[in-house]
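**Q** Once you've looked at the hints, dock chain B against the given chain A.
Number of protein chains: 2
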Amino acid sequence: MFYFRNKKTNFAAVFTNENRRMKKIYRANILYTKQKDCFEIIEDGYVAVGDDGRVCRVAADRDSLGWPDAEVVDYKDKLLIPAMNDVHVHAAQYHNQGIAMDMELLPWLEHYTFPEEAKFADTDYAERIYSRFISHLRRVGTMRAAVFATVHTEGTRRLMRLFSEAGMGALVGKVAMDRNCPDSLIETVDEAVSGMEQLATEYADPQSLVRPIVTPRFIPSCTPAMLKACGELASRYGLPVQSHLSENLAEVASVHQLEPDALGYGDAYRRYGLFGQTPTVMAHCVWSDAAERRLMKEGDVMVAHCPTSNFNVASGMAPIRTFLDEGIRVGLGSDISGGHDLSIFRTMVYAIQVSKMHYQRNHDMPFLLLSEAFWMATKGGGSFFGRVGSFEEGYDFDALVIDDHDLYPEDYTLEQRLERFIYTGDDRHIVHRFCRGKEV
Amino acid sequence: MFYFRNKKTNFAAVFTNENRRMKKIYRANILYTKQKDCFEIIEDGYVAVGDDGRVCRVAADRDSLGWPDAEVVDYKDKLLIPAMNDVHVHAAQYHNQGIAMDMELLPWLEHYTFPEEAKFADTDYAERIYSRFISHLRRVGTMRAAVFATVHTEGTRRLMRLFSEAGMGALVGKVAMDRNCPDSLIETVDEAVSGMEQLATEYADPQSLVRPIVTPRFIPSCTPAMLKACGELASRYGLPVQSHLSENLAEVASVHQLEPDALGYGDAYRRYGLFGQTPTVMAHCVWSDAAERRLMKEGDVMVAHCPTSNFNVASGMAPIRTFLDEGIRVGLGSDISGGHDLSIFRTMVYAIQVSKMHYQRNHDMPFLLLSEAFWMATKGGGSFFGRVGSFEEGYDFDALVIDDHDLYPEDYTLEQRLERFIYTGDDRHIVHRFCRGKEV
Chain A
244 MFYFRNKKTN FAAVFTNENR RMKKIYRANI LYTKQKDCFE IIEDGYVAVG
294 DDGRVCRVAA DRDSLGWPDA EVVDYKDKLL IPAMNDVHVH AAQYHNQGIA
344 MDMELLPWLE HYTFPEEAKF ADTDYAERIY SRFISHLRRV GTMRAAVFAT
394 VHTEGTRRLM RLFSEAGMGA LVGKVAMDRN CPDSLIETVD EAVSGMEQLA
444 TEYADPQSLV RPIVTPRFIP SCTPAMLKAC GELASRYGLP VQSHLSENLA
494 EVASVHQLEP DALGYGDAYR RYGLFGQTPT VMAHCVWSDA AERRLMKEGD
544 VMVAHCPTSN FNVASGMAPI RTFLDEGIRV GLGSDISGGH DLSIFRTMVY
594 AIQVSKMHYQ RNHDMPFLLL SEAFWMATKG GGSFFGRVGS FEEGYDFDAL
644 VIDDHDLYPE DYTLEQRLER FIYTGDDRHI VHRFCRGKEV
Chain B
244 MFYFRNKKTN FAAVFTNENR RMKKIYRANI LYTKQKDCFE IIEDGYVAVG
294 DDGRVCRVAA DRDSLGWPDA EVVDYKDKLL IPAMNDVHVH AAQYHNQGIA
344 MDMELLPWLE HYTFPEEAKF ADTDYAERIY SRFISHLRRV GTMRAAVFAT
394 VHTEGTRRLM RLFSEAGMGA LVGKVAMDRN CPDSLIETVD EAVSGMEQLA
444 TEYADPQSLV RPIVTPRFIP SCTPAMLKAC GELASRYGLP VQSHLSENLA
494 EVASVHQLEP DALGYGDAYR RYGLFGQTPT VMAHCVWSDA AERRLMKEGD
544 VMVAHCPTSN FNVASGMAPI RTFLDEGIRV GLGSDISGGH DLSIFRTMVY
594 AIQVSKMHYQ RNHDMPFLLL SEAFWMATKG GGSFFGRVGS FEEGYDFDAL
644 VIDDHDLYPE DYTLEQRLER FIYTGDDRHI VHRFCRGKEV
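Heads up: the sequence lines are chains A and B, in that order.
Okay, so the first sequence: first residue is 244 according to my numbering, each after it adds one.
Okay, so the second sequence: first residue is 244 according to my numbering, each after it adds one.
Next up, chain A with everything else stripped away, as it sits in the complex (with noise of 0.2 Å):
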């Protein structure tokens, strides 16, 4: 299964079921989604977790679980789902979440963008910033996300520390940049590296929910040199890579220029190792033509769909369904602050949106059913992160429960429960949230 990396990666998590010892059930509605088309739905079922905070089982009677001393937590009527995953949102754009939507995007950048990225050199400023964002976070129900910092390496280290704190799962770029952008932004290559070492040495345990990625902001902000060093660091230390691909045309045109011996935007980044060599997230690829979903497929590059940016910053709208039909994986993304909003539940509403509108001029693109936005948001961006996003046996237990109680249960099945509660419902209804089996 694609969704699934067999790519030797020292994140991925090793999964054996000898010597597990089941520590809690929990008994609810469970929906899930194993495959894209349709979720796995059990009315008042068990989800068996083990001491390591994996799924052991799910089952719909209690007496198949075995395990008869084993404590049984009961949410009675309410839904239990995967939680959510985030796989592309800026965290030092927190504060700029909702303003300056007037803007095109290169004054927007300049206004906004960079000048609030500057202030994290400020430490004290990035702790508080850092530490509304992962309440909200937490609060949406997204238990992991691959995040943008800053350049500055202490203020990486902070938002590192915050969610490790928080017990939620994040990989954490410190934001590598040398041209185009402000001087206060901007770092040497040997700067860039010494930092992003100290973070990969820290943060060294491939187990650990918190993890550093090597982020080149994009092509036109980093030189070939820079290039060239993000790349050899994901290598040496084994690490993944998150940057912005195809957002834009104007974008695409300027790596065209800026790297003209690449066949395009995607094999630029390949050349510098940074497109497949080590798992890879591209937020956006609006824009990108066959050969690059080619070269997407070849390195099993995620795409990180961002629709509600893609609308705030006309940047256009992804042909989700192409990637999804050639087989390339997709994960969703709230890419504050060109998205507005941080809940992955109303970006899954974004993205069948978009599908639509596709659909509209070419019927022979179908758009996205309920059941294959959920699974982007949970099974397709949880495999960023290990076996995430899915409650069949061997999965962390990332989960959220849903008491929907006031959207009138009672009138609706439980599939209807569920996609009321995506389209229609907010953080109120989300009453526990768990990260690796740990309650958060």
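No lab work stands behind these hints, which were simulated from the structure alone.
Hints may contain errors.
All copies of an identical chain are treated as equivalent in the list; a pair is satisfied when it fits inside any one copy or across any two copies.
Taking lysine to aspartate or glutamate and the DMTMM-like style, the derived pairs with C-alpha atoms no more than 25 Å apart in a straight line are [claimed, not checked]:
#1 Lys266 x Asp647
#2 Lys362 x Asp649
#3 Lys277 x Asp649
#4 Lys362 x Glu658
#5 Lys277 x Asp345
**A** What follows is chain B alone, placed relative to chain A:
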């Protein structure tokens, strides 16, 4: 100004400043839109409201208002804005909000919409669902709505009574339809007219917050005899009209077949006296061509822009910039249950996003500014209900008090605080609601 009706109607407020008594003064940070292009912003300002529930004056200081003895309600650092107006929503589809989004339009109508509407023959059921609907509408800050009920006269009467009891403003339509729908929803023309006349007689006071509106479902579901009867009824009782127009391409093609003599969909309505002969609002207008837009301009027909619905039902993206440029009135509609979100604040965000997708393809169509979306939600849509949607003198005091203390207001300007509330806030932030001067 095109946003205030000068056409003779019996529901437009007759405003005179003589003999009015100032009743209450509200102190807060005041934001509203007189014009589309920018916000009127008064930091720590005052709105004086008369005992008729209408705005007497807005001022930056207390003294200039006079009336030294009037009671001052101090909302301190909160935001005071005009309330929301929803110019297209199906109350009888409230139970289907947020379900069946995986279905195509026709099976959706057949399996969900029509069977649901048929249940409203049971007046107790109608009372139950309509109560939920109005309570939710209130919660999200919508104080006026143009509403579709069902064909059932008694159910529609209940809906009107519930609006009256809530103290909220509504134009409520008993739906007329007599073809292309299940037998259970078909009335004869005589039955339909008789029901509409009853309601028109019962709610004859033009000053009433709740009034009937003539509501042929749309041309494909009304015979020529029914459309003719609707037009005559609107003219006889001086009632406004609402319906659907050019929502999707198949529907437009079917109207051309059904009404071969008409010059188009809008012209077909016009021939029956249903397109501007009395105040008219038409939902969607995604595919209205230049000729249809000209007729709309001539008849001062308002567009009910329903972007969430247009996404969910895969209709397309309405070219709102074009309507505004051509001087056609535009309001916003939630269109539950084609739309999934009753909040007009969220609808604003979607309206801006749709305009950004047009802009992405054609830079000659500038995207909507926040002030323009806000104007559509307040003064634009409000103009369909009288002098509603602004804090200018003589406007009904329809207002919301926004408490954004958990959105870090100290870090932002007033306009940014409003923008953040619109993009990231929800009903928790709405702490007081007024409709024509009375707290709801």
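**Q** From the Cα coordinates, with 25 Å as the cut-off, is the pair Lys277 and Asp345 best called within, between, both, or neither?
**A** Answer is between; shortest inter-copy Cα gap is 19 Å, intra-copy 41 Å.
**Q** Is it within, between, both, or neither for Lys362 and Asp649, if the alpha carbons may be no more than 25 Å apart?
**A** So Lys362 and Asp649 pass the 25 Å test across copies only (22 Å; inside, 42 Å).
**Q** Checking an output row: Lys266 and Asp647, CA cutoff 25 Å. Within, between, both or neither?
**A** neither (27 Å within a copy, 42 Å between copies)
**Q** Within, between, both or neither: how does the pair Lys362, Glu658 come out at a Cα-Cα threshold of 25 Å?
**A** So Lys362 and Glu658 pass the 25 Å test across copies only (22 Å; inside, 45 Å).
**Q** Within a copy, between copies, both or neither: where do Lys277 and Asp649 come within 25 Å Cα-Cα?
**A** neither (29 Å within a copy, 38 Å between copies)
In summary, the structure is inconsistent with hints 1 and 3 from the numbered list given earlier, while agreeing with the others.
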